[in-house]
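Residue numbers (my numbering), protein chains in the order written: chain A, 1 to 293; chain B, 1001 to 1235.
Hints should not be assumed to be uniformly reliable.
Pairs of lysine-lysine residues, derived as DSS-like cross-links and limited to a Cα-Cα distance of at most 27 Å, are as follows [stated by the list, open to error]:
hint, chain 1, residue 1, chain 2, residue 2
1, B, Lys-1104, B, Lys-1121
2, B, Lys-1117, A, Lys-187
3, A, Lys-90, B, Lys-1057
4, B, Lys-1117, B, Lys-1178
5, B, Lys-1057, A, Lys-187
6, B, Lys-1154, B, Lys-1121
7, B, Lys-1178, B, Lys-1104
8, A, Lys-187, B, Lys-1154
9, B, Lys-1178, A, Lys-187
10, B, Lys-1223, B, Lys-1063
11, B, Lys-1063, B, Lys-1104
12, A, Lys-90, B, Lys-1154
13, A, Lys-187, B, Lys-1063
14, B, Lys-1027, B, Lys-1178
These are calculated hints, taken from the structure and not from any lab test.
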Amino acid sequence: MQDLVLQGIVNGLILGAIYGLIGVGLNVIFGVLRVVNFAHGEFLVLGAYLALMLAQYAGLSPFWALPITFLVFCLIGYLLYFVLIPRLSKSNDPETSSLLLMFGVSIMLGAIMLLLFDADARSLEYEIEPVFLMLGNIILPTIRLITLAISIVIVALVAWLLYGTLTGKALRAIIMNRDAVRIVGIKTERLAAVAFALGIGLAGVTGVLTAMVFPSFSPFMGNDYTLIGFVVIVLGGLGNPVGALVGALLYAVTEQVASVFFNPSIGTICGFVLMVATIFVRPNGLFGKQVMR
Amino acid sequence: MLQIQGLKKQFGGLVALNGVSWHLPPKQILGVIGMNGSGKTTMLNCINGLYVPTAGKVLLHGKDITGWPVEQVAREGIGRTFQVPRVFPHMTLLDNLDVSQLHKGRTAEERYAVSVKWLEKVELYRLRHNMAEELSGGQQKLLELARIMVSQPKVVLLDEPFAGVNPGLAQLLISVIKTLPTEHDCSVVLVSHDLTSIYQLSNHIIVMNEGSILSQGSADVVKNDPAVIEAYLGA
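With the rest of the complex left out, here is chain B (with noise of 0.2 Å):
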């Protein structure tokens, strides 16, 4: 499915992303943890091509995509969201759906039923008619993560899903990620520094220190990595 190969990223003297290289196979949900400043949200946007890497590749179904323009991302399959989210904030959320969609070649109708479905899965369907700045920031998280889905994505990079959302929101948020390998036929890439929640969903995990990656494997695996407990998790 998603492939990176010695994935690099450098800013000046600075060496964000220092060949990473990890392999997401279909319907699976990769966790991605490490502290800030490692690496995770600089290999994101490498992937979804708001930055073009140093050195690497980044392969979709084994398409080399490395350095496409963002949309061309998209359209290739890649959604993404973002720990502050990016929504529409003076359009309602129908319409944040809805724009999302332009380039499906969907009608009206399909548009706003699709748009509807994933509305009440993420429980904001009473909000339709509302602007998206009237949202919590919680609950713009949800319909950022419903506006990637419209556009049936083969893979979704969730940057921060939890940070700063209340816990009844967080398990929504949960249980909505839950399902979109099952569900959806889709696979997640999930950056956040809510362990819990990487344990509880992830497939395997990579703990990224410094760019590279330190300790990878499932979730009992990077438990008990001395390497990851001294670096990252503490004693």
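Just chain A, with the same shape it has in the complex (with noise of 0.2 Å):
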């Protein structure tokens, strides 16, 4: 029992770190611009479609195209910026209207990749050798020992960006207070914008990771990466993208060692049931501060 608790442990870690990435790209996106991106999870399905493309047309393998996704989306996600996110200020509650408009771009996504795609489960090919290591009796697959580095390096990556470089401190500084870096003489527009190109590219990344450790994807399943990405946040704290993946890890463990000891389905579960009990305890999430508006 305890080494299969230890391996719901290991489990919960891993997945926590590729939840933890569908979160804080959701929270730089909420934190920074108020808009609650309705679309994160079919952004990050079309990552994972990006991925079988660059495979199946230019054969290249899920590593190389980890970083093409990135700037793609990156690239995306910036023009779309300007093509939907500054008509949401002239709105009376632009929260509310941002995730109308972004419910619309999830069901308009979720279309456009059943058109191109159909609606079969994809996934994506490649081999990786040894498949598996030991640890003791604690099962360790590869891929997903992979793409928890891989995941590590980019939420180091995104935290040295807000915490060690000038841009970032501003983004971090909208996150507290907008007016207040206007009146310091900072264009909030093209940040805001570099927010939301860097919260689609971590969509596209991380579909690419996932489409790497479990085993299909479909148009369809975005919704549940959304969802996941909002108990996400909803547990760390929204706009703290570091909250994000603490509580990501928090979410996968329990979900993962509930597993253990009940069916996957109770798993799920207890992992709301956590999310509830957090409202209940600390309605901002474990790591979340008042924002002055």
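Using the hints, put the two standalone chains together into the complex.
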């Protein structure tokens, strides 16, 4: 039993790192722009399809697809920002409007993927040897270890961007008080576009990673990932990208360890119970702080 | 330097600012006093772009900046503080000042040197690695002043800098504000209810009442103006 629990914790940590990436992307966009990106999961699945196309038509491995997908999706996000987001500021309730707008984008992207790729589940094909490693009695699938390492590197890079660069500090300042940022002479529009690009880029790259870890993906899976993203940022704290990672680890470990004792559906329910309990104890999430608007 | 001409701001049927005009020469401090609701803060908001005036003009060095966006007004050289300070609470003091220099094109070393200079000036250097939220209200006002000064503004608009500040910090604020025109080539518009500080610091004083200028002149002129005595200072 002890080995099974340890196995659950390890699985949870690995999955949590990927869930964390979903939450970090979602949280960067929400924190800086106050845009509820309901289409985050669809962008993620679209990233998986791009990796699939790169493999089929260019013969590129998923590892090459990671940086390419990130750059392509950052560009898409940057351009999409100017098409979609500035209009929201004219609304009396931009946050609700953003939710509805991105919900529409989510449906549109799902339909486009369905048209382009059909409803069949697809999977990325690649070979990794050895397939798994053993740590005592704990099984460590090699690809999951690799994606864990990649996720950690990506989160570290995002943390460096946010905490170690001047642009990142300005992004964090916008999360805290957008008006005060404008008052010191910073043009928030371009920074907001950078944040949106980063969020969409992270969604794309997370899509490639999920396609490497999970057996298949289809146009219908976007909502599932969006839901996980929301659970994670509610746990960690809205607007706090680092909190999203911690929230994701907690959620995934709870889910995986619970799955050791019960069936996987109960494991998922336990993850949601954790979220509800967190909201009761800390309504702003574990790392959430009140922001001035 | 800074000039406003016939500045008017109307919210529906309420006229908050009614055709106010004045001229602030270089390296001068203009004190603005008036009762709550007299239009002082509305006037500052119209100058720094938070509000678009209903009528009138804001001129900086003769350039019409009326209705410019807040960030563009700031880049043009007008800094602003608020009655309730708007610092970045979950950032260190150094980072607060660092962010404010984003548009100045300085290197990290240059930014650090300027930040340290201003943190020393407002006596917050020892707290430079603390989060801004850990500061008292008065210290946050000092930080906010330092944050606008690191970008070397030509004019600073100070909205109630002494409100809710303990006497020791208020004295420090007064001494720092006093140096802005002389040591930093900066003009100041100082809005305050603290008459002693206004009289002590200002070269010229404007008394506002119901959106208009009731009286103006030196401290002595204002103090002895019967209209001011009746409307604002009391018997």
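Tested hints:
1. B/Lys-1104 with B/Lys-1121: holds, 21 Å
2. B/Lys-1117 with A/Lys-187: holds, 25 Å
3. A/Lys-90 with B/Lys-1057: holds, 26 Å
4. B/Lys-1117 with B/Lys-1178: holds, 17 Å
5. B/Lys-1057 with A/Lys-187: holds, 23 Å
6. B/Lys-1154 with B/Lys-1121: holds, 18 Å
7. B/Lys-1178 with B/Lys-1104: holds, 25 Å
8. A/Lys-187 with B/Lys-1154: Judged against 27 Å, a Cα distance of about 19 Å means the pair holds.
9. B/Lys-1178 with A/Lys-187: violated, 31 Å
10. B/Lys-1223 with B/Lys-1063: Measuring from Cα to Cα gives roughly 34 Å; hence the hint is violated.
11. B/Lys-1063 with B/Lys-1104: Given that 27 Å is the threshold and the Cα spacing comes to 21 Å, the pair holds.
12. A/Lys-90 with B/Lys-1154: Violated, at roughly 32 Å.
13. A/Lys-187 with B/Lys-1063: holds, 21 Å
14. B/Lys-1027 with B/Lys-1178: holds, 10 Å
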